[in-house]
Amino acid sequence: MEKGHRKKIAQIFFTIALCVICDQTAKAIARTYLPRLGVLSFAGETVKLQYAENRGAVLSFES
1 MEKGHRKKIA
11 QIFFTIALCV
21 ICDQTAKAIA
31 RTYLPRLGVL
41 SFAGETVKLQ
51 YAENRGAVLS
61 FES
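With the first letter of the sequence shown counted as 1, position 48 gets the number 48 in this note's numbering; the numbers rise by one all the way through.
One thing to keep in mind: the hints can contain errors.
Now the in silico label distances, taken between C-beta atoms and shown as ranges [to be verified]:
#: 1; residue 1: 23; residue 2: 44; range: 25 to 33 Å
#: 2; residue 1: 16; residue 2: 48; range: 27 to 35 Å
#: 3; residue 1: 2; residue 2: 43; range: 46 to 54 Å
#: 4; residue 1: 19; residue 2: 49; range: 16 to 24 Å
#: 5; residue 1: 6; residue 2: 31; range: 32 to 40 Å
#: 6; residue 1: 47; residue 2: 27; range: 16 to 24 Å
#: 7; residue 1: 2; residue 2: 29; range: 38 to 46 Å
Treat the hints as calculated values from the structure; they're not laboratory data.
A virtual CB, placed ideally from N, CA and C, is assigned to each residue, including glycine.
Work the whole structure out from these sequences, hints included.
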């Protein structure tokens, strides 16, 4: 296996690991703070954060 190929594979695994870590961290923060705070609004209610749990979908889309 050539050096460039190994580097590319390492970059892919690093990117995947970073995405998983960020996702799990965001979920932990949401589980800790959002249920007791209700809905959080930002930018004049343009952006709202509300706790939702959907164990069967990636990134909780359509929950």
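Quick rundown of the hints versus the structure:
no.: 1; hint: 23 with 44: 25 to 33 Å; result: holds, 28 Å
no.: 2; hint: 16 with 48: 27 to 35 Å; result: holds, 30 Å
no.: 3; hint: 2 with 43: 46 to 54 Å; result: holds, 49 Å
no.: 4; hint: 19 with 49: 16 to 24 Å; result: holds, 20 Å
no.: 5; hint: 6 with 31: 32 to 40 Å; result: holds, 37 Å
no.: 6; hint: 47 with 27: 16 to 24 Å; result: holds, 18 Å
no.: 7; hint: 2 with 29: 38 to 46 Å; result: holds, 41 Å
Violated hints are absent here; each numbered hint is respected by the structure.
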